[in-house]
Amino acid sequence: MRRLSLSTRLALLFAACTAVVSLFAGVLFDRASEAHFIELDQQQLETRLIGLRRALQDIQPAQRDARLADELSRQADLSLRITSGDGQHWYDSSAHIPKNLPLQPGLSTISTDGTDYRVLRAPLYPDTADSPQLTLLLDITHHQHFLQRMQRLIWLTMGLSALATALLGAWAARSGLRPLRRMSAVARGISAQSLDARLPEAQMPPELAELAHSFNAMLVRLDDSFQRLSAFSADIAHELRTPLSNLLTHTQVTLTCPRPLEDYREALHSNLEELQLMAQLVNDMLYLAKADHGLLVPKREALELADESDALLEFFAPLAEDAGIELSRDGQARIDGDRGMLRRALSNLLDNALRFTPSEGYVRVRIVDQPGAVSISVENSGEGISAQLLPRLFDRFYRADPARQEGSSEHAGLGLAITQSIVRAHGGQIHCESEAGVTRFVIELPRT
Amino acid sequence: MKLLIVEDQAKTGQYLRQGLTEAGFNTELVADGNSGQQLALSGDYALLILDVMLPGRSGWQIVQAVRSAGLDTPVLFLTAKDAVEDRVHGLELGADDYLVKPFAFSELLARVRSLLRRGSAAPQETSLQLADLRLDLIRRRVERGGQRIDLTAKEFALLEMLLRRQGEVLPKSLIASQVWDMNFDSDTNVIEVAIRRLRLKVDDDFPDKLIHTVRGMGYVLEERGA
Numbered sequence: 004m005r006r007l008s009l010s011t012r013l014a015l016l017f018a019a020c021t022a023v024v025s026l027f028a029g030v031l032f033d034r035a036s037e038a039h040f041i042e043l044d045q046q047q048l049e050t051r052l053i054g055l056r057r058a059l060q061d062i063q064p065a066q067r068d069a070r071l072a073d074e075l076s077r078q079a080d081l082s083l084r085i086t087s088g089d090g091q092h093w094y095d096s097s098a099h100i101p102k103n104l105p106l107q108p109g110l111s112t113i114s115t116d117g118t119d120y121r122v123l124r125a126p127l128y129p130d131t132a133d134s135p136q137l138t139l140l141l142d143i144t145h146h147q148h149f150l151q152r153m154q155r156l157i158w159l160t161m162g163l164s165a166l167a168t169a170l171l172g173a174w175a176a177r178s179g180l181r182p183l184r185r186m187s188a189v190a191r192g193i194s195a196q197s198l199d200a201r202l203p204e205a206q207m208p209p210e211l212a213e214l215a216h217s218f219n220a221m222l223v224r225l226d227d228s229f230q231r232l233s234a235f236s237a238d239i240a241h242e243l244r245t246p247l248s249n250l251l252t253h254t255q256v257t258l259t260c261p262r263p264l265e266d267y268r269e270a271l272h273s274n275l276e277e278l279q280l281m282a283q284l285v286n287d288m289l290y291l292a293k294a295d296h297g298l299l300v301p302k303r304e305a306l307e308l309a310d311e312s313d314a315l316l317e318f319f320a321p322l323a324e325d326a327g328i329e330l331s332r333d334g335q336a337r338i339d340g341d342r343g344m345l346r347r348a349l350s351n352l353l354d355n356a357l358r359f360t361p362s363e364g365y366v367r368v369r370i371v372d373q374p375g376a377v378s379i380s381v382e383n384s385g386e387g388i389s390a391q392l393l394p395r396l397f398d399r400f401y402r403a404d405p406a407r408q409e410g411s412s413e414h415a416g417l418g419l420a421i422t423q424s425i426v427r428a429h430g431g432q433i434h435c436e437s438e439a440g441v442t443r444f445v446i447e448l449p450r451t
Numbered sequence: 198m199k200l201l202i203v204e205d206q207a208k209t210g211q212y213l214r215q216g217l218t219e220a221g222f223n224t225e226l227v228a229d230g231n232s233g234q235q236l237a238l239s240g241d242y243a244l245l246i247l248d249v250m251l252p253g254r255s256g257w258q259i260v261q262a263v264r265s266a267g268l269d270t271p272v273l274f275l276t277a278k279d280a281v282e283d284r285v286h287g288l289e290l291g292a293d294d295y296l297v298k299p300f301a302f303s304e305l306l307a308r309v310r311s312l313l314r315r316g317s318a319a320p321q322e323t324s325l326q327l328a329d330l331r332l333d334l335i336r337r338r339v340e341r342g343g344q345r346i347d348l349t350a351k352e353f354a355l356l357e358m359l360l361r362r363q364g365e366v367l368p369k370s371l372i373a374s375q376v377w378d379m380n381f382d383s384d385t386n387v388i389e390v391a392i393r394r395l396r397l398k399v400d401d402d403f404p405d406k407l408i409h410t411v412r413g414m415g416y417v418l419e420e421r422g423a
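Residue numbers (the working numbering), protein chains in the order written: chain A, 4 to 451; chain B, 198 to 423.
Everything labelled a hint here was simulated from the structure, so no lab data went into it. Just so you know, even glycine gets a beta-carbon here, dropped at the ideal spot from N, CA and C. Each hint should be verified, as a subset may be incorrect.
Heads up, simulated DSSO-like pairs for lysine-lysine below, C-alpha to C-alpha not over 30 angstroms straight-line [claimed, not checked]:
no., chain 1, residue 1, chain 2, residue 2
1, B, Lys-199, B, Lys-298
2, A, Lys-302, B, Lys-298
3, B, Lys-351, A, Lys-302
Counterexamples of contact, computed for chain A against chain B with all Cβ distances above 10 angstroms [to be verified]:
no., residue
4, Arg-369
5, Ala-376
6, Glu-436
Bound conformation, chain A alone:
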């Protein structure tokens, strides 16, 4: 089933509210006027009763009828029945008086043959036990007609006002929801080329400002990711273009004229090196792509971080000894994680640190066991990294050393990005701090 539109829903709600309110008011008015009429009738009947009692007090039976007719003739809508104490009809002022009248004393309302009466029954002599009973009947048909007209009017008013508020409500809702339509228009206009569109948050009503804010924040995130992705694709193409063009040129040049065998072998070797770099690059990029798609799911094995670090330091020991760099580790902690992935992450950091540490320097791994988290830092001495470069370090293909920017084969600049992906896949964070000749990469892993 199609859901009702917001405007329709609001209009219907408005209409329902108006209907309920006007119905309530109408019913109240109806009840009040009826009560008012009853009160009026009662007063009138009681006044008459007193008059009649007085008239019948001291009168001979012979003159009674004439006196009564006289008394009653002053009011055409009033009739009277007098019954004896044991219920026998003594007197009826009119032939139209219904046969059966209520027997209980006091005021009541009856309706016969299309005529409505207010009836008051009272003893003629209030102090005598079996006094004859007076029953006064007041024709109130016109009152009832008025009330019925009133009720019809109430229903009509209710219906009309509900309709009117529905229409007004629909109009109000439509104009009230205009900011939403504006939002939808902006959303409709957004595509990969126009991710920079934003909603005017200041012009939004307070209720929608938050939504507009979230919407804009989403656009910012999308824009950012999209920019990164585009930059990444462009970088991939660029990074592959250099070795590809080397391969093409070299192969074509080699084939242009006959050469000694050794030259061919040399050409193939050189091509092989390019190809290996390209294979490595493609594998690294696939690894990052997997991480981007959330496909990098770490195993959770119990790891002694001190042991893992020592194994890595042992691996890098020949390199460090050669370069005259001191390697050390302090602290220990236990964590659940993926051995292969974490080793890879740390190995990238160590490799990086060793590359930028001068001879006689040091590289130190420090493991800090905190409640709820473990931090592993890789710290090296040497020229620091300037503060404005720090946030870009983990960008793909970013190389802090401008001398090695282009085409230099050795490092594609994906190592730190891969490390970051691995840390994030473990639910952790990584950052770099650099000051006064010490650069430190800090991995923080939550203890799960």
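The hints should help you fit chain B onto chain A, whose structure is shown.
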């Protein structure tokens, strides 16, 4: 010793066959899953190299058929898809090893040799030797030409690996994995440095060099004469 390659990409198949043949293996190549399975089930092969995506019948189906026929021929999978679940799936079905394209041929060759060796339990050696280089596994000592050479534990492990697989070109990734248990792609030059340092102790003082670099492929320990 016969190897079966089932690979539908003609170029890949031919190069693999050429490489393995030149490495001294008797190799047969088919391009579709059905004939691949037929041949695999004959039981004539010492090793199966299977592509996962094949026309007719996937590599996984073949390994399943081979295993349910009760054959324990080692199986090496080649695949372009590097999804963890694929790897796990392949290994669950009874594959012995797994290589993701693009891979280096030297890597494939080293793995093929490992798999073939796995079947025949090597006799318990107490020492390994090549020319005048001798490695005593029990006393953990190395001598060359009667001269004692002091090695660190990792250098000893590295030399032991080279000696056990003498004549084979060992890619850097395999060395990192076997000696240091580092099983990831890394562009670090640690292995080069480690080999250089080992060479310094083992080869430098002797006219006959034993450790050789095969450019772009890895390292090999063999006697080449002067």
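Status of the hints after comparison with the structure:
1. Lys-199(B) <-> Lys-298(B): This hinted pair holds, its Cα atoms lying about 23 angstroms apart.
2. Lys-302(A) <-> Lys-298(B): holds (23 angstroms)
3. Lys-351(B) <-> Lys-302(A): holds (28 angstroms)
4. Arg-369: It holds; Arg-369(A) is separated from chain B by about 21 angstroms at its closest Cβ, greater than 10 angstroms.
5. Ala-376: Given a closest Cβ separation of 25 angstroms, the condition holds.
6. Glu-436: Given that every Cβ of chain B is farther than 10 angstroms from that of Glu-436(A), nearest at about 24 angstroms, it holds.
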